[in-house]
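Enquirer: Listed here are the chains, written in short residue letters.
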Amino acid sequence: MAFNNREYEFFMSDSDLFSLYSSGGLEKTILMFKGLLTQDILVVLAEMLANNLSTDPRQKTTKKMFSIFVELAQNIHRYSSERIVTDGIDVGAGIILVNEFHDYYTIISGNIVENDVYQGLKAKIDMLNQLDKQGLKDLRKERLKQKRESSDKGAGVGLIDIARKASKKIDLKAKYLENGKTFISFYILLERSI
Amino acid sequence: MNNFVTEESKYTMAVNLDAATGLCKMQGNSYPEDAISFFEPLNKWFEQYIEEVNKPLIVEIQLNYLNSSSSKCFMDLFDLFEDYSNDGGEVIVKWFFAKDDDEIKEAGEELLEDATFKYEFVEFTD
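Chains A and B are the protein sequences, given in the same order. Per our numbering, the very first residue in the first sequence carries number 22; after that it's consecutive. Per our numbering, the very first residue in the second sequence carries number 378; after that it's consecutive.
In case anyone wonders, no lab produced these hints; they're calculated from the structure. Just so you know, even glycine gets a beta-carbon here, dropped at the ideal spot from N, CA and C. Wrong hints could be hidden among the right ones.
[As the list claims (entries may be wrong)] For each label pair, taking beta carbons as the anchor points, the in silico distance ranges come out as:
no.: 1; chain 1: B; residue 1: 378; chain 2: A; residue 2: 197; range: 54 to 60 Å
no.: 2; chain 1: B; residue 1: 387; chain 2: A; residue 2: 53; range: 38 to 44 Å
no.: 3; chain 1: B; residue 1: 490; chain 2: A; residue 2: 137; range: 35 to 41 Å
no.: 4; chain 1: B; residue 1: 398; chain 2: A; residue 2: 194; range: 52 to 58 Å
no.: 5; chain 1: A; residue 1: 55; chain 2: B; residue 2: 428; range: 32 to 38 Å
[Unchecked claim] Straight-line Cα separation of at most 20 Å, PhoX-like style, residue types lysine-lysine; simulated pairs:
no.: 6; chain 1: B; residue 1: 476; chain 2: A; residue 2: 84
no.: 7; chain 1: A; residue 1: 84; chain 2: A; residue 2: 186
no.: 8; chain 1: B; residue 1: 482; chain 2: B; residue 2: 471
no.: 9; chain 1: A; residue 1: 189; chain 2: A; residue 2: 143
no.: 10; chain 1: A; residue 1: 84; chain 2: B; residue 2: 482
no.: 11; chain 1: A; residue 1: 84; chain 2: B; residue 2: 421
no.: 12; chain 1: B; residue 1: 421; chain 2: A; residue 2: 168
Isolated chain A, as found in the complex:
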């Protein structure tokens, strides 16, 4: 047989796809993506998202959404432990979905990381969630002015920006896997402004 039996069974089990398709109930899924988050794919998804929301006259929400989406997607790209080198560029994989509810949007991202990456992220999120608006603003400025650490491409400002734009505290969930890895997911809520 040319294909793996288990993959074939999964492919054939339409109930799995249907449960994914129908999960959640009332919300409208604006966007769902699983795979390698190359810059080209990120751009297409971000533009699609902006176009989808542009019917919403409240442009402020659209800008915030765009920002949260890009930072989450670029976090996947940077920290995911599932990676492939494509066209000479090292790319990370993950899942990202955006749902629309009556009064708010949810933006959820997930990817697999090494356990120590999760511990580091958790410590950062716990610290950010303690801060109020002014605290986040001050911390952002401090980080922008700090000299770069050579390993830190994102300067650590991305998570602060997500925290500042989100309407609720950042919810970071973790599911421990085998081999020292963890599946992490960020749950972000954004109110539709009036």
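On the provided structure of chain A, position chain B as indicated by the hints.
Expert: What follows is chain B alone, placed relative to chain A:
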């Protein structure tokens, strides 16, 4: 000294740095995954301009969206302007923002509010 010109892409700015006039324009989106690599030749150009030309700089920035790592790169660039200004160089940054675009306006304010060189905010309507 050569000018520096880069075409706009969907996620990187159009950049036009003119060594003869000191007029420098950056326009568009800025959310490359690797912002440092994008900004590196810009920083180099400004360093060379300050070293060799040593005349006024008029920097016009008109953005639609910038990601966090681009913000960090702008801050590094403004640090360079700060040093130039402290050494007697003349710098003015004009930060353009579309009417009602509070996100871009605030992003500029937070990058520039402590600057000692000249800067101004310019609102425009599409």
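Enquirer: Decide, hint by hint, whether the structure agrees.
Expert: Hint check:
1. Between residue 378 (chain B) and residue 197 (chain A) the CB atoms are about 57 Å apart, so this pair conforms to the stated range of 54 to 60 Å.
2. Look at residue 387 (chain B) against residue 53 (chain A): about 21 Å separates their beta carbons, and that is not inside 38 to 44 Å.
3. Checked against the given bound of 35 to 41 Å, the beta carbons of residue 490 (chain B) and residue 137 (chain A), roughly 36 Å apart, stay inside it.
4. In this structure the supplied range 52 to 58 Å holds for residue 398 (chain B) paired with residue 194 (chain A), their Cβ-Cβ distance being about 54 Å.
5. The hint said 32 to 38 Å for the Cβ distance between residue 55 (chain A) and residue 428 (chain B), and at roughly 49 Å that hint is violated.
6. In summary, the hint linking residue 476 (chain B) to residue 84 (chain A) is supported, as the alpha carbons are separated by about 14 Å, within the 20 Å threshold.
7. As the CA atoms of residue 84 (chain A) and residue 186 (chain A) are separated by approximately 10 Å, the hinted pair is consistent with the 20 Å bound.
8. At roughly 12 Å between alpha-carbon atoms, residue 482 (chain B) and residue 471 (chain B) fall within 20 Å of each other, so this suggested pair holds.
9. A distance of roughly 16 Å separates the Cα atoms of residue 189 (chain A) and residue 143 (chain A); the hinted pair therefore holds under the 20 Å criterion.
10. A threshold of 20 Å between alpha carbons decides the hint, and for residue 84 (chain A) with residue 482 (chain B) the separation of about 12 Å falls inside it, so the pair holds.
11. Using a Cα cut-off of 20 Å, the hinted pair residue 84 (chain A) and residue 421 (chain B) is violated, with the two alpha carbons roughly 31 Å apart.
12. The hinted pair formed by residue 421 (chain B) and residue 168 (chain A) meets the criterion: a straight-line CA distance of about 18 Å does not exceed 20 Å.
Hint violations for this structure: numbers 2, 5, 11, all remaining hints satisfied.
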